[in-house]
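Novice: Sequence:
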Amino acid sequence: MNPRGAIGDVEPGIHGGTDSHESSYLGVDESKIIDFSASVSPYGPSPKVIEAIRAIDLSAYPDPGAPGLTADIAATVSTELGVSIGPDQVISTAGSVELLSLVASAYLEPGRRLLTLDPHFGEYHPPAQTMGAGVEAYPLSHDTNTGLFSLNEEEFIEWIRPRLPAVVLLNDPHNPTGLSFSESLIEGVLDLDGEVLVVVDEAYRDFTASPKNLRSQLASGRLILMRSLTKVHAMAGLRLGYGVSSPEIIQCLRTVQPPWTVSSVAQAAGRAALADTDWSRGNINRLREEKEFLVAGLKSAGQKVLPSSANFFLLDFSEEQGQAGALRQYLLSNRVRVRSCESFGLSDHIRISPRGRVDNERLLELVSSYSVDRNR
1022 MNPRGAIGDV EPGIHGGTDS HESSYLGVDE SKIIDFSASV SPYGPSPKVI EAIRAIDLSA
1082 YPDPGAPGLT ADIAATVSTE LGVSIGPDQV ISTAGSVELL SLVASAYLEP GRRLLTLDPH
1142 FGEYHPPAQT MGAGVEAYPL SHDTNTGLFS LNEEEFIEWI RPRLPAVVLL NDPHNPTGLS
1202 FSESLIEGVL DLDGEVLVVV DEAYRDFTAS PKNLRSQLAS GRLILMRSLT KVHAMAGLRL
1262 GYGVSSPEII QCLRTVQPPW TVSSVAQAAG RAALADTDWS RGNINRLREE KEFLVAGLKS
1322 AGQKVLPSSA NFFLLDFSEE QGQAGALRQY LLSNRVRVRS CESFGLSDHI RISPRGRVDN
1382 ERLLELVSSY SVDRNR
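Plus 1021 on top of the position in the sequence shown (first one is 1) and you've got my numbering.
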């Protein structure tokens, strides 16, 4: 039996991080690789998370809808935004990718359109394409002299206007450039049309020095905040995220969400992680210090480091084509992985997420030795 016609139009989601096939080909033991490619806290989950996981009865079904976790998330977001957020305004999901699929299932169909920025995370378009919706991306500006990426927000809004999208998907901070957009951009998109749904992917929000407070935009009833619980809390293997929106939108998303997508282990881990604020805040502060250390060291080694509001940042090799891939292969052969940006369409860039001091010193040592060897 043939699949639906839309399935043939789906672009495969490509991730530029972990690739065990590549390390195996190079003869590198995957378990011994120092991974700078994933923007996840290198300090591991809270000990309280480990305790909570060990207490789970794996023979029992998960609590449908994750009510305990959802209530804890609502309380946390209420404190962050300074406004009351009820559990009926939160949906717990198996990571951000599930939430993307739920939005597509509930709000996209043939004849409707999703708009994003380019470059973008490889999983943004496939859910919309699976539903038969159109997708289109607006390219960020790239200054080839400075290497800087930017967005003319007024031009972007005018680009959106005639396209009458059903959904506009933004991420702030932007991945992979680390750009941060103004709150007026989100307001401007919401003001375009009374029907457009705006999704803001805030997966890296916790790593920023000054996270945005979008409580007034939430009041529009057409905004979804998409967040991750696995990056700061170092639980990427559990797949856990959530969305915040109006009760009406959350109910629509729950209608199309399969039961038990958030496991008992993930629910318990999420609740324990949210409760241990000392652990997460301490690690965020440590990572900011390590980012400063690593950026300074890379610049001293002659690398072109682009500014970023997130924990990750880009190395720009636009003036040395082929060097991004060559450096990445050299590092991997020495058991250090950095993020290829080819999946973003940026083959002359590498994305790096800082780790602890010893690992960061090892990366700087290898980059310096590579630079010396190349210039001999």
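These are calculated hints, taken from the structure and not from any lab test. Just to be clear, a hint being listed does not mean it is correct.
Heads up, simulated BS3-like pairs for lysine-lysine below, C-alpha to C-alpha not over 27 Å straight-line [said to hold, decoys possible]:
{"hint": "1", "residue 1": "Lys-1325", "residue 2": "Lys-1312"}
{"hint": "2", "residue 1": "Lys-1312", "residue 2": "Lys-1233"}
{"hint": "3", "residue 1": "Lys-1233", "residue 2": "Lys-1053"}
Per label pair, the in silico range of CB-to-CB distance [what the hints assert, rightly or not]:
{"hint": "4", "residue 1": "His-1163", "residue 2": "Asn-1023", "range": "37 to 47 Å"}
{"hint": "5", "residue 1": "Gly-1132", "residue 2": "Leu-1079", "range": "36 to 46 Å"}
{"hint": "6", "residue 1": "Val-1277", "residue 2": "Met-1022", "range": "19 to 29 Å"}
All values derive from a computational prediction rather than experimental measurement. The beta carbon of each residue, even a glycine, is placed where N, CA and C say it ideally should be.
Novice: If a hint holds in the structure, say so; if it doesn't, say that too.
Specialist: For each hint, the structure was consulted:
A hinted pair counts as satisfied when its Cα atoms are at most 27 Å apart, and Lys-1325 with Lys-1312 qualifies at roughly 15 Å. Taking the CA atoms of Lys-1312 and Lys-1233, the gap is near 21 Å; set against the 27 Å cutoff, the hint holds. With a C-alpha separation of about 37 Å, the suggested pair Lys-1233 and Lys-1053 falls outside the 27 Å cut-off, and the hint is violated. Between His-1163 and Asn-1023 the Cβ separation comes to about 41 Å, which falls inside the hinted range of 37 to 47 Å.
A C-beta distance of roughly 44 Å is found between Gly-1132 and Leu-1079, which places it inside the suggested range of 36 to 46 Å. The hinted range of 19 to 29 Å is satisfied by Val-1277 and Met-1022, whose Cβ atoms lie roughly 23 Å apart.
In this structure, the one hint that does not hold is number 3.
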